[in-house]
Amino acid sequence: MAWVFIEETETGPAAVGLEILTKARELGSPTVIYFGAGSEAAFATLGDYGATEVFHLVPAEGSTGIAAATAAMADLATEHNPDVILFGQTYTDRDVAGRLSARMGKTIISNGIDVAVDGGVGVTTELFGGAQLVTTMFEGEGPHLVLLRPKSFPAEPAGGAAPTVTAVPLPDPGHAGAARVVGNFIEESQGPKLEEAAVIIAGGRGLGSAEAFGLIEQLAAPLKAATGATRAIVDAGWVPYSKQVGQTGKTVKPDVYIACGISGAMQHLVGMKDSKMIIAINKDEEAPIFGVADLGIVGDVHQVLPKLIEALENR
Amino acid sequence: MKIAVCVKQIPDPASPYELDPTTYNLIRPNEQVLDDTDRYGVEVGLQIAGDTDGTVTLVSMGPSGNLNGIRQALAMGADGAILVDDEALKGSDSLTTAKILAAAIAPESFDIVIAGTESTDGYSGILPQQLAELLGVPALTYAKKIDVDGSTVRINRQTATGFDTIEAPTPVLVSVTAGVVEPRYPTFKGIMDAKKKPVDTKTAGDLGVDIQVDQRIVMVVPAPSRSGGQVIVDEGDGHEKIVAMLEQAKVI
Ligand SMILES: Cc1cc2nc3c(=O)[nH]c(=O)nc-3n(C[C@H](O)[C@H](O)[C@H](O)COP(=O)(O)OP(=O)(O)OC[C@H]3O[C@@H](n4cnc5c(N)ncnc54)[C@H](O)[C@@H]3O)c2cc1C
Ligand SMILES: Cc1cc2nc3c(=O)[nH]c(=O)nc-3n(C[C@H](O)[C@H](O)[C@H](O)COP(=O)(O)OP(=O)(O)OC[C@H]3O[C@@H](n4cnc5c(N)ncnc54)[C@H](O)[C@@H]3O)c2cc1C
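Just so you know, the sequences run in chain order H and A. Note that our numbering gives residue 177 to position 177 of the first sequence, counting from 1, and the numbers run on in steps of one. Note that our numbering gives residue 86 to position 86 of the second sequence, counting from 1, and the numbers run on in steps of one.
Worth flagging that the hints you see were computed from the coordinates, not collected in a lab. All C-beta atoms, glycine included, are put in the ideal place defined by N, C-alpha and C. There could be a bad hint or two in this list.
Stated by the list, open to error - Per the computed footprint, the stretches of chain H lying under chain A, defined by three or more beta-carbons under 8 Å from a beta-carbon of chain A, are:
| id | stretch |
| --- | --- |
| 1 | 19-25 |
| 2 | 33-46 |
| 3 | 52-58 |
| 4 | 88-95 |
| 5 | 129-136 |
| 6 | 174-180 |
Chain A extracted, bound-state conformation:
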């Protein structure tokens, strides 16, 4: 199977995120990391490719920076990457991102396109569905388990109360939840190989996508903060303090 995995480079979530004070865009440093959410998609792609003698191509939009995040995914074992980087794409919405990814993916005739259910930095949680519609393929979303049987892909789709088992023939898009598989850690060889793997960089113009963003942040204000209460060290009587609070809240 020919598999595309959508992956995103994001600012390291371990350091606090900041918005540019004038454009309100998220500030993206040169060194970004692979969104942890996408490690699951890469792993699923690699497993299916392994079982079907297939290939895994990463597809990404965003500032390339030093490519650290893309290399992380290549080091896991993906074969190559297509990266769309264009100054004009700064501050793009999810729909524009989906159009770019669709334009990069469509000509390659992939059997399965994989994405996360929502990214860590933007978490709009709608890009996979937008992408499926643009590609004209069914979407198997929120997968917590995936099986490929010939040209049929079957998943357990997370629901509020359990899961539905749903299936569709390829070509198909699958969005995967965290926890669907245990992502592998790159080996030393993987890390070395990743440096040599092909990264095909394109611009929005190369793909012929018009950029049109119809939403604009107009105001960012601090939220009325919840004042933290008292914090006390348990000296063996912590539970008594809690009981007193529960009485005050009239729940006991």
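So that you can see chain H by itself, here it is in the shape it has in the complex:
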């Protein structure tokens, strides 16, 4: 029996949750723990992706609801004893999974890219920027807690019927539940979404300045591409975090990924190395990014990009 924790986002069930739910269908008829306000449409989507049963947890007004949801889940898991509880490697999922692990005294395998239930529960993770594949097995009694990276599985609807939905009251977790939401801010973003774009143009510190990210945007326009970035330039404040690709940012798998002035640190590679085609421009011929590139141009972004932009604009 597999449970999948799914957080509600502005657009309904989190995309990573539907990916994992698709995978969970292989492990039996999955139950979803749905965290958010919920709606008929959201539950129908969960059913469509294979959920037969939904436990619905609604955070109390003004509360983050994390500690309360954890307490409720621990009670449910003790009662129903699922073999595995699967989460996405995302912020809220990590918050709930971490607490649940400590509450139930169960270990977590993190950063999974695949999970198999076959005489035991095994999880595949990537090591050293994806150079090695590691299989880790759980020992002891379930439920076994697994965090799976986004884009590890395709999300495919199965045409399932609406699931049975049970509203679960959240207990008061006391002081641990005292975190309150007092405001929120959504960054403006234009153009295609990083996770969905067929082409991504990404920039790194080799651009030299925040202004030079304009070259990335100019190149993206004729290709209808999304723009991405390394953590180095997000931390430097050149671009918002929502553009970060990599281990602590987004995982992307576009048809074409063009890396401009990016060294190819393993934490960056983890987020983009499964792109169908990778093109890299870097002035250092030893840059690790060339190790994964289908085409590498050893050159200066300030020389190559303006010519490339002009060539595409003139087509």
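Take the given structure of chain H and dock chain A with the ligands to it, following the hints.
Just chain A with the ligands now, kept in the frame of chain H:
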């Protein structure tokens, strides 16, 4: 405020990491460095302590080695350190680590416990939340900005699309992202003082924590490698090669 900052000594990321071929544990040399991720936590701790006339205690689990990484954090200005080092803790999972840290932290009644969002070497990214649950305190996670107002701690919590502002009363755990503050560089005086600061070393037994790890690496294989393609030096025609590739990929 009495502040604890969780810091980890890790093998220098500048040299390639290796797993022990039999135990599959990460090989940890005698000389380790302070995880860069934790410099942010130390800086946040020092700033809050500075504003509130408080103290900063480092809390760490792992092989002590020559203590280089801990000294780096002490040199930034932390007051002292508690280090749990025990042969039996080799290969421990994040939950065991959290239990150890919780046992070291709980008796000290800290107002704020600070951690990074994920470490550079293990990056399981769940330890702070496990620790908060074990300590029975709220967790303000993925902070990109922190304010302390009396006994209320308020942060901007990174989200996929922006941030949420969340707050909780102390005692509280805060996990901080890289970029939350600009970590200070140790001064010469700081480096000298660090040598004299107290480092209290304990074992798992001292803390009364049972060690039980319920996950085991059974196989490590090389990933099917992506064969690198052609690398050419730009002679003023690099862009033409790229256009040809884009045509081949049918995106133009
Ligand atoms: C726990 C942890 C998590 C992390 N998560 C992420 C993550 O999610 N995403 C991420 O990206 N990073 C992440 N990092 C950071 C990562 O390790 C690297 O520091 C970062 O990716 C480097 O970014 P960069 O390639 O822009 O910069 P650099 O490594 O500084 O590379 C700049 C490159 O530009 C080239 N260059 C310079 N000038 C030019 C020019 N004029 N023309 C062409 N090329 C030029 C240089 O040769 C160099 O290769 C993480 C690190 C840690 C410790
Ligand atoms: C490649 C690799 C993969 C691993 N995968 C897993 C896994 O999937 N599940 C699992 O349970 N364990 C895993 N481990 C073991 C785990 O890394 C260690 O138990 C570690 O001590 C705690 O987890 P973390 O560093 O991953 O924590 P994270 O949650 O990534 O760390 C967040 C913050 O917690 C604090 N912190 C973490 N460790 C310590 C410490 N020892 N002392 C003081 N503060 C600390 C730091 O402030 C850090 O910035 C893995 C180890 C390696 C080397």
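Now for the hints, and whether the structure bears them out:
1. 19-25: Answer violated; 0 residues pass the 8 Å Cβ test.
2. 33-46: With 0 residues close enough to chain A, the hint is violated.
3. 52-58: violated (count 0)
4. 88-95: holds (count 5)
5. 129-136: n = 7 at 8 Å, threshold three: holds.
6. 174-180: Since three or more residues must qualify, the claim that chain A covers the stretch 174-180 of chain H holds, with 7 doing so at under 8 Å.
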